[in-house]
Each structure stands twice: as C-alpha cells, then as structure tokens.
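J.: Sequence:
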Amino acid sequence: MAADTRTDNASELNPFCNLTKALEQFKMPGMSTNAFVDARRKDIEALVAANKVAFEALQALAVTQSDMLTEAMQSMKESAKGAMADNTDGGDMTKHAEAAQQAWRKMLTDMKQLAETVQKAQFEAVSGLTERARASIGEMTGLAYRT
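Position one of the sequence shown corresponds to residue 1 (this note's numbering), numbered consecutively onward.
It is worth saying that the hints were derived from the structure and are not from the lab.
We put the beta carbon where it would ideally sit given N, CA and C, even for glycine.
Be aware that a few hints might be false.
Claimed, not checked - Distance windows between CB atoms, simulated:
#	residue 1	residue 2	range
1	Ser136	Ala100	50 to 56 Å
2	Asp43	Ser66	33 to 39 Å
3	Gly138	Met68	42 to 48 Å
Unchecked claim - Straight-line distance between alpha carbons at most 27 Å, and here's what the computed DSS-like set of lysine-lysine pairs gives:
#	residue 1	residue 2
4	Lys81	Lys95
5	Lys95	Lys112
6	Lys112	Lys52
7	Lys95	Lys77
8	Lys120	Lys106
9	Lys112	Lys42
10	Lys95	Lys106
11	Lys42	Lys52
12	Lys81	Lys42
13	Lys77	Lys106
14	Lys52	Lys120
15	Lys42	Lys77
Just need the whole structure built from these sequences, with the hints factored in.
T.: Here it is, written out as structure tokens:
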C-alpha cells in the first residue's frame, strides 16, 4: 500500500506561512517579516478584487451582447416577414429602408453602451490596483525606515 503523501497541516498549504519561514532565515535589523508578509497578502487581495471586477464586467458584457443579438435577430425576422408581405402586395420598400436605418442606429448605440461598460470596469479594476500600489509603497517605506 502506498504511503499517503497528503498533509493535513494547514500551515504547509498556506504560501504566506512558507514565505514567513523563508524570510526569517534572512532577518534584517529593523524589518518585520510579519509586516512584509501582510503587505504582500494585501497585494494579492487587491489583485483578486480587480479580477473579480473584470470577471463580473465580462459576465455583464456577455449577457448584454446576448440580449442585443436576440433583439437583432427578432427584428430581422419581423423585417423579413414584412418585406415578403409587401413584395406580394406590390408595396414600396421605403419603410424597410427606414427600419434598416433605425436598426443601424440602435446597433451603434448598443456598441457605445458596451464600450462604456468595459471602460467603467477597467477603471474600477485599475483604480483598485493603483490604490493598493500607493499603500504598498507607503508600507515598504515604513518597513525600510523602522529602527
């Protein structure tokens, strides 16, 4: 029977615990390894938050695009039905040209909405990372000048 190589020790699964142990080997006077590890943990939390914002934005974008596609297909179906009916009645195609122009304008408006959604998500993600970077610089400065 093979030996079980899994471990139930939570500290071995925690990368920050391993980092703390590694940094303790290189103790520097006036530098707290716990503070350093806590700062890196906050960095990772900021990255996770930025990824969450980006993921939620992509989900919203996919739903919006799906709704737009469904609406466009429904509109095309109705337009085709109308064109076929007018063709058999000898009607004029002016109203279908107007419908096509309206569909084009709607598509441009929808594309603008999508672009604004993406831009907003990018701004939120980057601003969170920027805020964390500023805090990290302050923390590192504080670590360097502790005595």
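J.: Work down the list of hints and note, for each, if the structure agrees.
T.: Each hint tested on the structure:
no. : hint                        : verdict
1   : Ser136 - Ala100: 50 to 56 Å : holds, 54 Å
2   : Asp43 - Ser66: 33 to 39 Å   : holds, 35 Å
3   : Gly138 - Met68: 42 to 48 Å  : holds, 44 Å
4   : Lys81 - Lys95               : holds, 13 Å
5   : Lys95 - Lys112              : holds, 26 Å
6   : Lys112 - Lys52              : holds, 23 Å
7   : Lys95 - Lys77               : holds, 15 Å
8   : Lys120 - Lys106             : holds, 21 Å
9   : Lys112 - Lys42              : violated, 35 Å
10  : Lys95 - Lys106              : holds, 16 Å
11  : Lys42 - Lys52               : holds, 15 Å
12  : Lys81 - Lys42               : violated, 59 Å
13  : Lys77 - Lys106              : holds, 16 Å
14  : Lys52 - Lys120              : holds, 14 Å
15  : Lys42 - Lys77               : violated, 52 Å
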